[in-house]
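2 protein chains.
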Amino acid sequence: MDGSATRLDERRAALIARHSATLESAIRAVGTRESWSPFSDSPSTKIHGPDKPGAGKAAFEARLATTFDLGQPGVIGEVGEEVSPFTQKPLGIRYPQSDPDALLSAAVAALPDWRAADFELRIALCLEIAMRLYDRNFEMAHAVMHVAGQSYTQAFSGSGPNALDRGLEALAYAAKAMRDVAPSATYTRAFAGEPVALDKTYVLVPRGVGLVICCASFPTWNAYPAMFASLATGNPVIVKPHPIAILPIAIVVEVCREVLTEFGFDPNLVTLAVDTLAEPVAQRLVDDPRVQIVDFTGSPRYGGHLERTVTGKLLFTETAGVNTVVIESVAEVEPVARAVARASSLFSAQMCTSPQVVYIAPDLFDTMSAAIVGQIDAIADDPAQAAGIMGAIQGEVSLRVVEETRAAIRERSGVRVLREARPYAHPQFPDARTLTPLVVAVERGEHVDLYAEERFGPVLFLVKAEAGDAVMEAMRLARERGSISSYLYSTDEDFIDRATPLYEAAGANLTINLTGAMWINFAAAYSDYHVTGLNPAGNACLADLAFVASRFRIVQRRRPTG
Amino acid sequence: MDGSATRLDERRAALIARHSATLESAIRAVGTRESWSPFSDSPSTKIHGPDKPGAGKAAFEARLATTFDLGQPGVIGEVGEEVSPFTQKPLGIRYPQSDPDALLSAAVAALPDWRAADFELRIALCLEIAMRLYDRNFEMAHAVMHVAGQSYTQAFSGSGPNALDRGLEALAYAAKAMRDVAPSATYTRAFAGEPVALDKTYVLVPRGVGLVICCASFPTWNAYPAMFASLATGNPVIVKPHPIAILPIAIVVEVCREVLTEFGFDPNLVTLAVDTLAEPVAQRLVDDPRVQIVDFTGSPRYGGHLERTVTGKLLFTETAGVNTVVIESVAEVEPVARAVARASSLFSAQMCTSPQVVYIAPDLFDTMSAAIVGQIDAIADDPAQAAGIMGAIQGEVSLRVVEETRAAIRERSGVRVLREARPYAHPQFPDARTLTPLVVAVERGEHVDLYAEERFGPVLFLVKAEAGDAVMEAMRLARERGSISSYLYSTDEDFIDRATPLYEAAGANLTINLTGAMWINFAAAYSDYHVTGLNPAGNACLADLAFVASRFRIVQRRRPTG
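As they're listed, the protein sequences go chains U and P. This note's numbering puts the first residue of the first sequence at 2, with every later residue one more than the last. This note's numbering puts the first residue of the second sequence at 2, with every later residue one more than the last.
Hints are supplied without guarantee of correctness; some may be wrong.
If chains are identical, the list can't say which one is meant, so a pair holds when it fits in one copy or spans any two.
Said to hold, decoys possible - Below are the DMTMM-like pairs computed for lysine to aspartate or glutamate, each with C-alpha atoms no more than 20 Å apart in a straight line:
{"#": "1", "residue 1": "K314", "residue 2": "E481"}
{"#": "2", "residue 1": "K47", "residue 2": "E195"}
{"#": "3", "residue 1": "K465", "residue 2": "D289"}
{"#": "4", "residue 1": "K177", "residue 2": "E263"}
{"#": "5", "residue 1": "K314", "residue 2": "D102"}
{"#": "6", "residue 1": "K47", "residue 2": "D136"}
{"#": "7", "residue 1": "K53", "residue 2": "D136"}
{"#": "8", "residue 1": "K177", "residue 2": "E25"}
{"#": "9", "residue 1": "K465", "residue 2": "E35"}
Just so you know, these hints were derived from the structure itself, not from any lab.
All chains should be modelled from the sequences, with the hints used to inform the complete structure.
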């Protein structure tokens, strides 16, 4: 071995050692499911120092109107259609587009070295990628803001540390699953009185190329766990961002390629497959036999198509559903109203955990409805609060959701608009595409079709219903349309005890009686399981053993000892 | 709680305690992968006492020409087409046939209690089932003999303890995967300076009904792991045996229903779905939305159909492939020839691990070919040995495989028959359907089509080929046609080192230089992984975490502490 190879081995060993404590802590956290993170999700300069915010903003601005060159193979053109929801102007960033076949060939060519690498090294490299992304998180926050429309604080936390934590969580499970396989064994037993001794070797073998298809509104949150789960288990990854939200993922891929190269691996283990709305490339990648794992986050329409058509390869999906709140009884109206209003206002309800339907017991309906509307108004009428919570509307499509709902209501009787959707004036970005929630009051039993369909945008239905009926209907919707987060408020423990098995049976994760400072739709990595896989909201859980255990396979050999 | 409920709880607790040490030993064994079993796979009366063999035979004989009534719901008729390969006479056993819809409804009705049961209890019940099946193993041996054609000793061991061990192995993984999920946690962190404390509960929820489709030649070996994996994780199971090999599975279902009833559960958690060759019922069950898990063992044809069409549910398959032996060089000819001859003679090559193609280096070809033929002759010409090793030919289909091969050979030049297939005279059963292996010599490069197709029966191709080319072709066949067991003989460690990565890349489990008392195609539960999932021989591995981890899902609820 020459000197440079030795130095590389030493650097690799040092990398494993450097991240070892973090990995063990993550493994401990997914076991205890207590609160833990190696990151801070506050952008405070007390934590990060005075220079990082400005440097991050400058790094983002330096990207604008340039070509984001990743040095990938097989470039056949350039694309780039991103428009900032805060300025409504194009970012002007051009992304070289690689021929999908070139990316696949490069991934396959890179696979053998990656397969042969110690999985602890692969995990350490993913941890290094995570740490560097955390280091660049102010830049990432601006990137996410200006493609997705998230507020600065949400982009910083939710698309930064909270998302990276989901990635580390996947690494913890990958480590557990792979460490569970003994690398070798000696087997001795007698056959027909004759002693036999065999040395056995068990080799972890990846499946093939992993394809990660990202959503537009929260691109990093699902990308990290999927990418890290596939990479850790030895599979090269091609990341296909949504054509209107490429920049954050391009930064991620850039960091991956930089770290891989630095530690002597082929950067083509992680590549970016860009496309346009007019000429999507996802299906071509999905159909290629070299792709053996598909992770998809996005619309129920395309996710459902994949779920109905993909065979012979692993498919992990997270789509969306109809999230419900059932308010049976409350000790105090305002804290509950505030909790629901804040969750419905966060990122203008463009989240997979946003509530869409709030069932309220008849005796509470008028008071609670008025309080919820009042709490939404309190946010919407304070531009600084609105900017921090609601952010911007990512695309025209979410505006259309509101328009279509408004049109559907106009034709109906027995449906009342309690609060009109209207823009708020963003204090920093006068041209921001904003919209505060439309709030609609409905009698249960009528108009179920109006609120039973997922409406991905700032629309909230308040439904007057007996709580028992409400739980039944909510869980029917969960089973038929999917649900990622369900919420229940009741002061009656018997009612809660009767209701919880129904939520379990529908595979609906449930938050009970939560008010106060924590967002009720906040899902904590290492502690909260996200998506059950038991209803149409997706088949993958972030994160459990099932999310990683089948991404690698085991090949054995055995021979007589000695 | 009344007295009988208390007694039931006590009996259930005692059951968990009774099987606890066995479960922990199984968990330890799958970790170390050393040799272990709670069973003995020898039928010796020194182990089992003098009475069991006769009682088992009598129990089997008492079944003949009767109706095997399991007390299942929705009976719509009776079927039964089993013919003993040893007597070539019908067994005359009639099986009440239940309407598939009635079995599904009953399974769904039984699910909630099973879901609610402690998973340690579900595992203990499966262990109890295994122990009772072991207790009835002499009866089972006769049942397997007279539907599958296995010899008495193979039926006793391979379809008894060795199969039960695969079931316990699956239970060990199920325990590991479910214990990995914390049942509850307390989560505390500050949000915006406000301390938040949440109690979180994580509930394991089964997917739905598990369907287990069994093969005809080795019905119990794959049934136990699939049944136990689904049952342990909370899923009711419908077992669909092959119409010509129902009896062993009917006995299994009988024991399951007896144990479930005894411990206060609905027997319809395990039911038998019987059908006929003319009117198969599998697809109707596969297509039903209540079935959420399908375990299939059988032909590549139907297995491939399932792999190409089943979406939205879990599918585990084991089909078959073209198993190869590559003989590059040997220290001694005879031990290798004997090892290959025995593996090719065992159960007349009606096993998924039977070698089909033996590549022999040109300088060794004549000597090794003659030695292999000689060793097969030595078995075939000794009726007692032949009876113990080769058993009988299960069905006409395996006779046709030989006929078709013989016909294909007649039309070709450059292919020589080294040994004709011919019956041997079974010492106990003069009417037994027997056939000893056809051995064919072939030049590599020509006639690949002849031996590249799986031929499920006593046909062995000896192919003259340079070992390097042989490995390449063998692994191409593994990738294209599937392989469950591959074998390599070489005294050249450099050659072995160069070859092993090729086997790994093709997902081919490899046995190197094995001779002596152990059958080279013996796969030991807890130690040998069976099927890699990386080639067309199936997608499921017996057993790893992936075999169990996605059979259950996790549903959580959380609420403020206190």
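Checked hints:
1. Taking identical chains as interchangeable, the C-alpha atoms of K314 and E481 lie at most 20 Å apart only when they sit on different chains, with a minimum of 16 Å there against 25 Å within one chain.
2. In this assembly of identical chains, K47 and E195 lie within 20 Å of each other by CA distance solely across copies; the values are 19 Å between and 71 Å within a copy.
3. For the homomeric pair K465 and D289, neither the shortest alpha-carbon distance inside one copy (50 Å) nor that between copies (36 Å) is at most 20 Å.
4. Taking the closest pair of Cα atoms, K177 and E263 never come within 20 Å of each other, the shortest separation being 26 Å inside a single copy and 37 Å across copies.
5. For the homomeric pair K314 and D102, the shortest alpha-carbon distance inside one copy (18 Å) is at most 20 Å, but the shortest distance between copies (30 Å) is not.
6. Taking the closest pair of Cα atoms, K47 and D136 come within 20 Å of each other only inside a single copy of the chain (15 Å); across copies the shortest separation is 70 Å, beyond that limit.
7. With identical chains, the CA atoms of K53 and D136 are at most 20 Å apart within one copy only, with a shortest distance of 9 Å there and 71 Å across copies.
8. Proximity of K177 to E25 under the C-alpha cut-off of 20 Å is found in both arrangements, the shortest distances being 10 Å within a copy and 19 Å between copies.
9. Taking CA atoms no more than 20 Å apart as the test, K465 paired with E35 passes in neither setting, with 37 Å inside one copy and 63 Å between copies.
The structure fails to meet hints 3, 4, 9 from the earlier list, while all remaining hints are met.
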